[in-house]
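Using the sequences provided together with the hints, build the complete structure.
Protein chains in written order, with this note's numbering: chain A, 1169 to 1279; chain B, 20 to 129.
Misleading hints may appear alongside valid ones.
Residues from chain A that keep clear of chain B, each with C-beta distances beyond 12 Å, as calculated [as the list claims (entries may be wrong)]:
(1) Ser1169
(2) Ile1172
(3) Gly1184
(4) Pro1186
(5) Glu1194
(6) Gln1206
(7) Ile1221
(8) Gln1241
(9) Lys1247
(10) Leu1250
(11) Ser1252
(12) Leu1258
(13) Val1279
Straight-line distance between alpha carbons at most 35 Å, and here's what the computed DSBU-like set of lysine-lysine pairs gives [said to hold, decoys possible]:
(14) B:Lys113 <-> A:Lys1248
(15) A:Lys1247 <-> B:Lys113
(16) B:Lys89 <-> B:Lys70
(17) A:Lys1248 <-> B:Lys116
(18) B:Lys116 <-> B:Lys89
Just so you know, these hints were derived from the structure itself, not from any lab. Yeah, the Cβ is synthetic: ideal placement off N, Cα and C, and Gly gets one too.
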Amino acid sequence: SQTIHQWPATLVQPVGSPLSLECTVEGTSNPNLYWYRQAAGRGLQLLFYSVGIGQISSEVPQNLSASRPQDRQFILSSKKLLLSDSGFYLCAWSYQGYGYTFGSGTRLTVV
Amino acid sequence: GQQLNQSPQSMFIQEGEDVSMNCTSSSIFNTWLWYKQDPGEGPVLLIALYKAGELTSNGRLTAQFGITRKDSFLNISASIPSDVGIYFCAGQLKAGKSTFGDGTTLTVKP
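Have a look at this one:
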């Protein structure tokens, strides 16, 4: 069966520090991978998606970047965090694009 | 870009009551999806709808894909305490990218 792993679960980082969140998927090949951000009490905003190794599409201009170095690995990064980067970050995968399976999320607080 | 209007924003109901929530869009979608999110967790897919007019059930949950392709609703019958959470609708115009509503927060009072 397919599983998705996302870590860390919580993270407190100072403003200006770098960020690296990792997501891996098991049990499937060539998944579509996504990074979403959820602000408190709001819906999910698509940040990046990838349909294959090295292929990244960015949905909104921001202080973040994403990379897909391996088929089932998706990384969200920042060189210098801003206060506005705080939120709940969710990684997800889909097979052929229909319906997502989400990871358990990372709660990022920038202080 | 496409936006979804999900209503109501929140609901407070008594255990055993039925629940209805809906999502509308100014543009069409080819797929409608409904998710539930428990506190501190990622959303979980409940129901996927692929054809206009389609009515699909998953236990006590029933969802419909509106015939105009611009709306969808989700009904929960005989609510129980574990139904508490945030329910999200999502629309897809093409496979791969979903647009999410802002969610309906459901509270069930025993």
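Do the hints match the structure? See the list:
Every CB of chain B is more than 12 Å from the CB of Ser1169 (chain A) (nearest about 15 Å), matching its label as outside the interface. Listed as a non-interface residue, Ile1172 (chain A) fails to keep its Cβ farther than 12 Å from every Cβ of chain B; the least gap is roughly 8 Å. At roughly 27 Å, the least C-beta separation between Gly1184 (chain A) and chain B is larger than 12 Å, which holds for a residue marked as non-interface. Even its closest Cβ contact with chain B, about 24 Å, leaves Pro1186 (chain A) beyond 12 Å, as expected for a residue assigned away from the interface.
The Cβ of Glu1194 (chain A) sits about 16 Å from the closest Cβ of chain B, beyond the 12 Å cut-off, so the non-interface label holds. For Gln1206 (chain A), the requirement that its beta carbon stay farther than 12 Å from each beta carbon of chain B is not met, with the minimum near 9 Å. The beta carbon of Ile1221 (chain A) sits about 16 Å from the closest Cβ of chain B, which is more than 12 Å, so the claim that it is off the interface holds. With a closest Cβ-Cβ approach of about 18 Å to chain B, Gln1241 (chain A) is found to remain outside the 12 Å limit, as its non-interface label requires.
Listed as outside the interface, Lys1247 (chain A) is consistent with that label: its C-beta sits roughly 26 Å from the nearest C-beta of chain B, beyond the 12 Å cut-off. At roughly 23 Å, the least C-beta separation between Leu1250 (chain A) and chain B is larger than 12 Å, which holds for a residue marked as non-interface. Distance check on Ser1252 (chain A): its Cβ is at least 19 Å (rounded) from any Cβ of chain B, clearing the 12 Å threshold; non-interface status holds. Leu1258 (chain A), annotated as away from the interface, has a beta carbon of chain B within 12 Å; the closest lies near 5 Å.
Distance check for Val1279 (chain A) against chain B: the nearest CB is about 20 Å away, which clears 12 Å, and the non-interface claim stands. Distance check on the hinted pair: Lys113 (chain B) and Lys1248 (chain A) sit about 34 Å apart at the alpha-carbon level, within 35 Å; holds. Proposed proximity of Lys1247 (chain A) and Lys113 (chain B) is supported: the alpha carbons are some 33 Å apart, at most 35 Å. A threshold of 35 Å between alpha carbons decides the hint, and for Lys89 (chain B) with Lys70 (chain B) the separation of about 12 Å falls inside it, so the pair holds.
Note on Lys1248 (chain A) and Lys116 (chain B): the hinted pairing holds, with a Cα-Cα distance of about 28 Å set against a maximum of 35 Å. Between the alpha carbons of Lys116 (chain B) and Lys89 (chain B) the distance comes to roughly 16 Å, so the proposed pair stays at or under 35 Å and holds.
Comparing the model with each numbered hint stated earlier shows that hints 2, 6 and 12 do not hold.
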